[in-house]
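Chemist: So you can see what is in the structure, the chains are spelled out below.
Protein chains: 2
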Amino acid sequence: MPDSYEMPTWGWGDSAHSRDLSDAVRARLQTQLGVGKEVELVAREEADFNVQDSLLDERLLQGLSELVGEENIRSDKMFRVLRSAGKSYPDMISLRGGEPGDVPDAVVQPADQASLREVLSYCSEHAIAVTPFGGGTSVVGGLATVREGFSGAISVDLTNLSGLTSLDAESGLATFAGGTRGPAAEQLLSDHQLTIGHFPQSFEYGTVGGFVATRSAGQSSTGYGRIDKNVIGLTAATPTGPVRFAPMPGTAAGPDLRQLLTGSEGSMGIIDTVTLQVKKTPDVLLDRAWMAPDFATGRAALRELEKAGCAPDVARLSDESETEVSLLLAGDSTPVKALRGYLGLRGRNSGCMMITCFEGSRLDSSQRHRESSDILRRHGVIALGGAPAQGWRKGRFAGPYMRDALMDAGLFVETLETAAPWSQLESVYSAVGDALRDALGSLGGEPLVMCHVSHLYQTGASLYFTFIGRQPGASVAEKIQVWHGVKSAACDAIIQSGGTISHHHAVGRDHAPWLESEIGEAGIRLLRAAKAELDPGGIMNPGRLVLTGS
Amino acid sequence: MPDSYEMPTWGWGDSAHSRDLSDAVRARLQTQLGVGKEVELVAREEADFNVQDSLLDERLLQGLSELVGEENIRSDKMFRVLRSAGKSYPDMISLRGGEPGDVPDAVVQPADQASLREVLSYCSEHAIAVTPFGGGTSVVGGLATVREGFSGAISVDLTNLSGLTSLDAESGLATFAGGTRGPAAEQLLSDHQLTIGHFPQSFEYGTVGGFVATRSAGQSSTGYGRIDKNVIGLTAATPTGPVRFAPMPGTAAGPDLRQLLTGSEGSMGIIDTVTLQVKKTPDVLLDRAWMAPDFATGRAALRELEKAGCAPDVARLSDESETEVSLLLAGDSTPVKALRGYLGLRGRNSGCMMITCFEGSRLDSSQRHRESSDILRRHGVIALGGAPAQGWRKGRFAGPYMRDALMDAGLFVETLETAAPWSQLESVYSAVGDALRDALGSLGGEPLVMCHVSHLYQTGASLYFTFIGRQPGASVAEKIQVWHGVKSAACDAIIQSGGTISHHHAVGRDHAPWLESEIGEAGIRLLRAAKAELDPGGIMNPGRLVLTGS
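Respectively, the protein sequence lines represent chains V and D. Take 59 as the starting number for the first sequence in the working numbering and just add one per residue. Take 59 as the starting number for the second sequence in the working numbering and just add one per residue.
Quick caveat, the hints were computed from the structure, so don't treat them as lab data. Some hints could be false.
The list treats identical chains as one, so a pair stands whether inside a single copy or across any two.
Listed below are the simulated DSSO-like cross-link pairs for lysine-lysine, each with C-alpha atoms no more than 27 Å apart in a straight line [what the hints assert, rightly or not]:
id, residue 1, residue 2
1, Lys-537, Lys-95
2, Lys-338, Lys-365
3, Lys-365, Lys-395
4, Lys-338, Lys-287
5, Lys-395, Lys-452
6, Lys-537, Lys-365
7, Lys-287, Lys-365
8, Lys-338, Lys-135
Using the sequences and the hints given, assemble the complete structure.
Modeler: Written out as structure tokens, the structure reads:
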């Protein structure tokens, strides 16, 4: 659990856990991209930020203060800056440059559900835009302040709506307040030997309500299921009153409106309680690493695990490029040397690293592990033992710290993700990889484009791309323009090759231009109609999900 | 597969397969309810039906005929009667009495998707109400003709939209035209050793599009999942144009609008293609029967199977009353005598019959069977061998024929179903059972109220009630009023005790008054908003799902 939940403006997490690049990595970046020297951070102190004063009418600020209590409203500059952005690469570019753009006029932290509901009614009445803030981990522009057309813009921070509201252990149903952070939720359940089993990379900061609002998937979702498969009930505060869907194991009582609120990204209301299906804490964690001969063979093997019903709870497969970089990042330690030696003996100088984790009862985990081992071996996948997989588990939330270190070195570093049916994965992989290599290549040097599969389904899998290139822009605006070009090329390639615009990062502001290509004009109309019904004033997280309001 | 897809007006299925009541059953009904004499069927021939002439303006009928072709439009009286109702108890009361009420002015059978879309546009333009007709198996008033406020009412019969449109075997995705019947869909897949695994009692008549539109669950849904878990993509024709959601294994691209159309019951549009997740045809079917000491213990045992991850694909548990009647219905054959003898030896003169079926690979089925057997035995559940379970599988689509035979004997016979979290099952079971016993008891005699669990989930299970009592009404209207009283008492009890108003029969017209109690005022507003967006004229299956139009 992090020491503090307030992240620095310039990066991820708890600065006590910052990482640095090894000499080997620096040398490689220097050779390949001609970059690697430390870049000076422009904005550190309050005075470094170019921020407009709060524009909210004093009377409205007073009105909000009366609703939530003076102690639950803040309008100091740095806090407003901290609530103006998530943790995407362009967010970091803006904040590191001291140019946050629009920031909320005030940050409201309702003490309970009742005052949250009153705040939304009040804001609707007075045309104040509301951006919900849970964990602050959006990487798709989900938290950017939008004030055009409004009398003001506030951040509604759910930090006070935390805790386990009720537990029905017999049914395996746990109800949390929407602002409950991942670690707090797991801690509360661990007393009962229960777990949600939802561990996105943002787990340490993300909130239960945020997971649901963004339709999140976690690292163990192959086994435990995406958050949308685990939402059995929810309530949301909206400008037109509360929405409530009681927990039901299965129902034919019309369309599943839980799934309309799940993934609504704050654009219809704020999910203030969530009832999740929870499971018994696993008795064992059986973590193993493997090396597949190549990415296509590794994917085929994983597909077979799914079809055979013995898929692991965590399944990850890096492509050749990510495997090579992972080994570089792991350094020249004795275990890595030994691994290289072992692979050399088996005639493998390259390949694709795979991680499988089986969780659950001792019997079930070992049965699935045994059955899947047979299938993997038949595909020429070599067992590497437990250590590399345990290492992955240990560092699995640390990725964003590495992103900060790479940004410190002046690099363009970004990730994106998609999913597609098994039959289309190869073409999506090629199309997106080519688009990224083209776009980044035009910026100079030899870009790094890496990919892994991280979620398996009966009918397909996800693809997660990490890419590093030169960042030639000088100003914040130039850098963001460069980012935009690369991002657009990748998104176009995803849609054209038949992938989904997001597998687990959500739509936010950044993917909104591509949503219509995926769900059609009628899909967009349905989203607007639902928003207009719950939020007729269009105050809820404007500009997210769909391009324009209702 | 049935010989003909046209069912008789007075009952279920293919009249060649009609059943009769045994002397033992007749004697029991006579003792318990004082009923059992054959009742004369009023309406058999065309002349017996009181039906209004088609009210649709000749010009509009001509317009429709031009869109779909003369051969695809019918307006003969008996065909209109056949399209005016589903197969619920009140539907049968009306049709057996020759009083169908409103019937469609014409039955349109579009030859393809394109003309289906044109028909909906045309009807929207001319205010013609449209009721989609797939398998005609609704038991919740989903097919009743509603013409008030419209210039006419037609049935849109999807019989010509049938077939496997595409198969992506690598991904396990099969795309069907919406009007494909259950048996045809399975036949088309069996050539590829694949199955949907969806077997509701209506399987022989129901259509793939109808399963999705009504959010159906099948007898094997504990293993294969409800239809809503297996819909990976769909398209629908609506008055404002097509809706299309491409197959995606998992996505965070906003709310899951597939789940808004799934369960929309024709009220927003007509689902004309469905992409389903399909699985390998099972290598083995391991069917076993059991006797639990009592209903609560049986439920607790089933819950443990779910929690242990070894639940069967089919799991059914009858309460004491249903068990006793099942044995009576099975007759006095040698196997039943042997079974009674065996139970007597084990000191059981009563109990709750349970059926478990494990399907899949030999290894996986036998592992789950072994593991679950241990758990069942620990709960005092006695193994009865395979024969009774195989008997259940053989007759599993025959239930509705028995309903006809009971109606022939002049009985009130009806079913309803709900689901609830495990912790609430006992109170829902008691509340609904009490409500039914009270309501039916007031009609005289000693009513039969039976219940079984038929679908297991991690967080809860379904309850399916069958009830038989006296039907004291004389006229159609009186009989329906009696039915309405009993049905209302049960629905009130479901909602008050925390169940869902429908686990798999859907909402239709009959459950619509209780939907708001379940999904709230905001839920109803969301449904109306979605309907208004896709169907601004309110022509699509009016009166279904929500009580009034938009």
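Chemist: Regarding Lys-338 and Lys-287, is the shortest C-alpha distance of 27 Å or less found within a copy, between copies, in both, or in neither?
Modeler: The answer is both: 17 Å in one copy and 23 Å across copies each meet 27 Å.
Chemist: Is it within, between, both, or neither for Lys-338 and Lys-135, if the alpha carbons may be no more than 27 Å apart?
Modeler: neither (44 Å within a copy, 60 Å between copies)
Chemist: Using 27 Å as the alpha-carbon threshold, which applies to Lys-338 and Lys-365: within, between, both, or neither?
Modeler: both (25 Å within a copy, 8 Å between copies)
Chemist: Is it within, between, both, or neither for Lys-287 and Lys-365, if the alpha carbons may be no more than 27 Å apart?
Modeler: both (19 Å within a copy, 16 Å between copies)
Chemist: As a check of your reading, is Lys-395 near Lys-452 (CA-CA no more than 27 Å) within one copy, between copies, both or neither?
Modeler: For Lys-395 and Lys-452, only the intra-copy Cα distance (20 Å) is at most 27 Å; the inter-copy one is 62 Å.
Chemist: Since the copies are identical, ignore which copy is meant and state whether Lys-537 and Lys-95 lie within 27 Å (CA to CA) inside a copy, between copies, both or neither.
Modeler: within (17 Å within a copy, 86 Å between copies)
Chemist: With identical chains treated as interchangeable, where does the CA-CA distance between Lys-365 and Lys-395 reach 27 Å or less: within a copy, between copies, both, or neither?
Modeler: neither (35 Å within a copy, 43 Å between copies)
Chemist: 27 Å Cα cut-off: does Lys-537 pair with Lys-365 within a copy, between copies, both or neither?
Modeler: neither (44 Å within a copy, 51 Å between copies)
Figure legend: structure checked against the earlier numbered hints; hints not met, in rising order: 3, 6 and 8.
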